[in-house]
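J.: Now for the letters of each chain:
Protein chains: 2
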Amino acid sequence: MTTDTSPRVAIGPSPDALLDSAVLRGGGLISPLESADALIWAGSPDSFPRDLPPSIRWVQLPSAGIEDWFEAGVIPKDTYITWTSAAGAFSSSVAEHALMLLLAGVKHLPAHIEAKTWRQFEFFSKVGTLRGSTVAIIGAGGIGRALIPMLAAQGADSIAVNRSGSPVPGAVSTYPAMRMNEIFSRADHFVIAAPATPETRHLIGATQLAAMKPHSWVINVARGSLVDTDALVDAIATERIGGAGLDVTDPEPLPDGHPLWDLTNAIITPHDSNPPGVRPAAFADHVSKNVTRFANGETLAALVDPIAGY
Amino acid sequence: MTTDTSPRVAIGPSPDALLDSAVLRGGGLISPLESADALIWAGSPDSFPRDLPPSIRWVQLPSAGIEDWFEAGVIPKDTYITWTSAAGAFSSSVAEHALMLLLAGVKHLPAHIEAKTWRQFEFFSKVGTLRGSTVAIIGAGGIGRALIPMLAAQGADSIAVNRSGSPVPGAVSTYPAMRMNEIFSRADHFVIAAPATPETRHLIGATQLAAMKPHSWVINVARGSLVDTDALVDAIATERIGGAGLDVTDPEPLPDGHPLWDLTNAIITPHDSNPPGVRPAAFADHVSKNVTRFANGETLAALVDPIAGY
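Read top to bottom, the protein sequences are chains A and B.
Its first residue numbered 31, the first sequence is counted upward by one per residue in the numbering used here.
Its first residue numbered 31, the second sequence is counted upward by one per residue in the numbering used here.
Honestly, the hints are just simulated from the structure, not real lab data.
Certain hints may be false.
No distinction is drawn between identical chains; accordingly, a pair holds when it is met within one copy or between any pair of copies.
Stated by the list, open to error - Subject to a maximum C-alpha distance of 30 Å in a straight line, what follows is the list of computed DSBU-like cross-link-like pairs (lysine-lysine):
#	residue 1	residue 2
1	Lys319	Lys156
2	Lys156	Lys146
3	Lys243	Lys156
4	Lys107	Lys319
5	Lys319	Lys146
Sequences and hints are given; from them, build the entire structure.
T.: Structure below.
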């Protein structure tokens, strides 16, 4: 439902039927950029307008992780505009991928796939279960919050780590980032879903891996830089941990011949947890919800912090 | 809590600390077979007592699928004894395995594991999602009922098939077995969790496979005989369906060199969805609950139908 006071929303870089209908469904009017209150941007940072008209009060970016947008200088630190990312729009897809990697790991699927012969007796002692286990979710944003009920349905408890330690719904406990060292010997498995910042670089290194249990799996669906790859390779190769499921790597793309490719207990997926085919519809849903919030003067979803850089 | 009227329960073929404590916890007394009201049997059909004392009113068997026990003549058709299986005791483990196979299939994991190189562009078009899909669960007993909330947490709807068509909690619809042909073009994926009986042999054959969608995955965690293996191999090899995740096969064990081993979209696990390591604790829980029901004169869980043979 649009009215005279409906927000005027521009869509760029080019017209997009899915986004047009999302804006209208959310209660906005499609407008040229020059007279718009808000800009929904579906392109890359390179083509982003150098100067926005002064009428623009909100910009919606199409990515969930937005370090590229800061690096490209799109988002100034002293901006008066409200910026939102697509964080959360693709959370369910990525959480589903994380659960898949964790289940495949715990149930020893890579060795099964490579076996090509019936090895029941060997595998009997290796197939595990998530039931009764504790999974630490490092970075309880959209992906982490989407994962918690999926784990609960498997009979697994979640413990969350976030910056403040303020309780995350559904987690049995939430740790502030500064007490994160306590989780590595407590949890059975670890899912990394935190933003890439200077503070989170190599958040999982030799010390953290050494504190984990021998059956622990590390799942990374965030950014490769959060894990010290060399330390991880060493921990898997020497069987100090159960294994790792990585949708993101450092370096990325992972070069041919890298030791991770040859470790049975390293499952690599090439950053395809949020494949293009499912993205446009998920982004359009996110836009529609944010247009409604903008029209109603409510807090937008996935607000960007221009100072913190995420 | 045991009393003078507590049931006297024998455990065979040998003493078992886990089962002793399960019986006591359930409110029973440990008794020699000769004077027992009930027998908890943790052994094989071969060693089962040829003649039970007339005091025995209930026998608990240790298997979920009990065709072997009928074949061995342990359960007579004209028995006056109540027989229970372990159906349901291991349901959660098997349902977890079924979800793992389905997620791994939908997300194209076997090809990822075999790739050993970064093939993002190729995989982008192949990685799917369970979100928004419909999964048919054929045989909505313990495993099927345990699977429904796991699928719901992934945003997938379940449709159930059972003998009577009486509604299964959590399923969006339940079909009676005689209308099963309607599901093959309706659902996206299929999980087979029905008992092996003459009626369910080759329940999935060429006709059913031909009606499925090109992206459909077939998961079998029941018994190999429910699927026509040759028809399945043909459907996968010609890409008429997405693939199959099989914890059970026909023949079983699957012989080396069988075509299923060489199909990337056939995931074979060697009947290890319910591995021995997790079984004793799960069986003891089941025994404890049934002893309590027996003591209270309530209907036991996992009743065997001696006439129907399951």
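J.: Check Lys319 against Lys156 for me: Cα-Cα at most 30 Å, and say if that holds within a copy, between copies, both or neither.
T.: For Lys319 and Lys156, the Cα distance is within 30 Å only across copies (28 Å; inside one copy 45 Å).
J.: Could you place Lys156 and Lys146 in one of the four classes (within, between, both, neither) given a Cα distance threshold of 30 Å?
T.: For Lys156 and Lys146, both the intra-copy (17 Å) and inter-copy (23 Å) Cα distances are at most 30 Å.
J.: Is it within, between, both, or neither for Lys319 and Lys146, if the alpha carbons may be no more than 30 Å apart?
T.: Neither, since 48 Å and 40 Å both go past 30 Å.
J.: Evaluate Lys243 and Lys156 at a C-alpha cut-off of 30 Å and name the case that applies: within, between, both or neither.
T.: Intra 15 Å, inter 34 Å, cutoff 30 Å: intra-copy only.
J.: When no copy is specified for Lys107 and Lys319, does a C-alpha distance of 30 Å or less occur within a copy, between copies, both, or neither?
T.: Cα proximity of Lys107 and Lys319: one copy only (26 Å, versus 62 Å across).
Hint check: a violation occurs at hint 5 only; the rest are consistent with the structure.
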